[in-house]
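S.K.: Take a look at the letters that make up each chain.
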Amino acid sequence: MTAEKLLLPAQGPWTIPRRVFGNAQRLLRTHAFRLAALYFLVFAASVLGVLLFVYWTSADFVERQTEATLDAEITGLAEQYAQRGLSGLAQIVAARSAGDRGDGMLYLVTDPSGRPLAGNIAAWPEGVPARAGRLSFTTAARVKDRVETHPAQGASFIIPGGYRLLVGRDISDATAFRDRVKITLLWAGLIALGIGLLGGTAMSRNLLRRVEQVNRTSERVMAGNLSDRVPLDGTSDEFDQLAANLNRMLDQIERLMTAMREVTDDVAHDLKTPLSRLRVRLELALLGPADGSGQTEAIRSAIDEADRLLATFNALLSIAELESGTRRDESEALDLSEVARSAAELYEPVAEEKGFVLFLATEPGVRIRGSRHLLSQALANLLDNALKYAGGGEIQIRVLRDEGRAALEVADRGQGIPEADRETVFDRFVRLERSRSTPGNGLGLSLVRAVVRRHRGTVELADNWPGLRVRLEFPELAT
Amino acid sequence: MKLLVVEDDRETALYLVKGLSESGYTVDRAGDGRDGLFLATSGSYDAIVLDRMLPNMDGLAMLGALRAAGISTPALILSALGSVDDRVKGLRAGGDDYLVKPFAFSELLARLEALLRRGSVAAATTKLRVADLELDLLTRTVRRRDKPIEVLPREFRLLEYLMRNAGHVVTRTMLLEHVWDYHFDPQTNVIDVHVSRLRQKIDKNFDSPLLHTVRGAGYCLRAPEPPAA
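So the sequences go chain by chain: D and E. Using my numbering, you'd call the opening residue of the first sequence number 1 and step up by one each time. Using my numbering, you'd call the opening residue of the second sequence number 480 and step up by one each time.
I should point out that these hints are in silico values taken from the structure, not numbers from a laboratory. A quick note: this is a predicted structure, and the numbers were derived from the prediction, not measured. Be aware that one or more of the hints could be misleading.
To be verified - Listed below are the simulated DSSO-like cross-link pairs for lysine-lysine, each with C-alpha atoms no more than 30 Å apart in a straight line:
{"id": "1", "chain 1": "E", "residue 1": "LYS680", "chain 2": "D", "residue 2": "LYS354"}
{"id": "2", "chain 1": "E", "residue 1": "LYS626", "chain 2": "E", "residue 2": "LYS580"}
{"id": "3", "chain 1": "E", "residue 1": "LYS680", "chain 2": "D", "residue 2": "LYS388"}
{"id": "4", "chain 1": "D", "residue 1": "LYS354", "chain 2": "E", "residue 2": "LYS683"}
{"id": "5", "chain 1": "E", "residue 1": "LYS568", "chain 2": "D", "residue 2": "LYS272"}
{"id": "6", "chain 1": "E", "residue 1": "LYS568", "chain 2": "E", "residue 2": "LYS481"}
{"id": "7", "chain 1": "D", "residue 1": "LYS388", "chain 2": "E", "residue 2": "LYS626"}
{"id": "8", "chain 1": "D", "residue 1": "LYS182", "chain 2": "D", "residue 2": "LYS144"}
{"id": "9", "chain 1": "E", "residue 1": "LYS626", "chain 2": "E", "residue 2": "LYS680"}
{"id": "10", "chain 1": "D", "residue 1": "LYS354", "chain 2": "D", "residue 2": "LYS388"}
{"id": "11", "chain 1": "E", "residue 1": "LYS680", "chain 2": "E", "residue 2": "LYS606"}
{"id": "12", "chain 1": "E", "residue 1": "LYS481", "chain 2": "E", "residue 2": "LYS626"}
{"id": "13", "chain 1": "E", "residue 1": "LYS497", "chain 2": "E", "residue 2": "LYS580"}
{"id": "14", "chain 1": "D", "residue 1": "LYS388", "chain 2": "D", "residue 2": "LYS272"}
{"id": "15", "chain 1": "E", "residue 1": "LYS683", "chain 2": "E", "residue 2": "LYS606"}
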């Protein structure tokens, strides 16, 4: 037999207990287990207390009843004796002993030598001293056709002249009752403790399971599965709240990561071209004659190109910052008409020069909460677009109130945007084919949308018959 | 005029020192916040150009320490952080102007000169005058050669800013910031049209133009050169 063969069977029985033991050890270390154990101990202690209380009260009650019956009997006999003397006592004892009354009462009157005079006990019980006082003894009782030894409780008296009286009660029923109670309570206790143990274990396992869910989800998220979420029980208890908060946190992280990835992708796709153009331009300038004139021109255009690139970068970063929600809130209550008026005032001369007519129509007191800076920039982008693409005609800026929403509209008389393109123009770097010849980076509307979303608003492109109408809507600030 | 440049990036610092020296300034350079603070507390500088992120002691902390020491040398903060929030923080820390990296050298120079002038122009002036052009801040009227010129309120502010910086280049961004309070650059040449409208009003019927365009930089309002004797 080889060593491996010797070792192999030994591995089987060892590994399983070790795993079980490992699990048990892990369980012992958990907070949930300690909580459950404490719970169980407190539970067991209170069950025990309740059972003891029940036992003592029920057993005691039966005992007290026996005492009370005895006392009443003794009082009755004492009265008889006082009225009628010894013979009267013997008579009443004989009367009460006659027949089986079923109440378990025992009587005996003896002369000074211990010979019975009256009563339902054959002789003074053995081992019971012949003196006055409380006593316990056994008595032979006839049950159906058998004779059994039953426990009894009673009291004995010495009547003047040496006569003795024994009054007692068969307490076999009470004893049976007590034993019954004992067994019942024992079972009840065992069942309660069993349930407690099961409940504690279930509770601890439930706690453990839910903590484990959170742990597992965190691990999966860390491993790169960003869209994983902690399952909710729908109970909205503390664990559900914890899970919901964690999920919201994960949502935020995912949004940030997605925004970052999108920016990176966009940068890779759309900034490479102008950068290579810049490089080629500088390379050609280096190859050309070094007399200066051509090179100065090349450097100047390179600077322009670099400026455009930087502007694009800044716009991208602003959009990313707005979309990820990392930018600090700089919002204040402001009048939308003021924003519109200020921008209209800035753009009016240039519009006129380019052959446009700029109209401003504002409803007074349309207030929203927002950033003047961001809203101005969004509006400026829309006006830039209108001036670039509409060709001429009128441009209308309107501020109005519509069903509790504050709306800001910029409408032109150009060619508009075909319905199919109205969603995609908001994406980064999207420029409609016909407009490729005009300068721009395709980020204007992306920024507008980011600003609008930041203000919990909506942006909608519509037909102005003819032309484009851009409508920004925000929740109106109640005055 | 003596300037202090506090900038840790060697390349940027050399470029700044070179450009400013060529523009006629004496320039000292510090590579971190501690050296910068040490040099600046000597107090003999006319202006400080300060990077916001510096080793050892960051720019805003250095500026705070300088202001706490009672030194009010005008400071221009350079920063890669460009949101309005960062700008406000920079100005609150004691900066006099804020420029976002990367910047055109002409922009920096124009702003720096505006800062250097700020100390010399009396704030309590009620009338600004450049050659025969006069702007009354109280009655808010403009006259040239004693002839009243009608200007719109915004044009008045535009002219006021140009006149306060008379003889020096003012960039489009500076105008957007100071006259319109916009901290972004529109893609359309909005400022150019405003300036050319103003020029129509103040220069058109006069033989010597005052408002000039400086190519690649901005605008300059200045008195005509006296004819060579």
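S.K.: Name the hints, by number, that the structure is in violation of.
M.R.: Numbers 2, 5, 7 and 12, in rising order.
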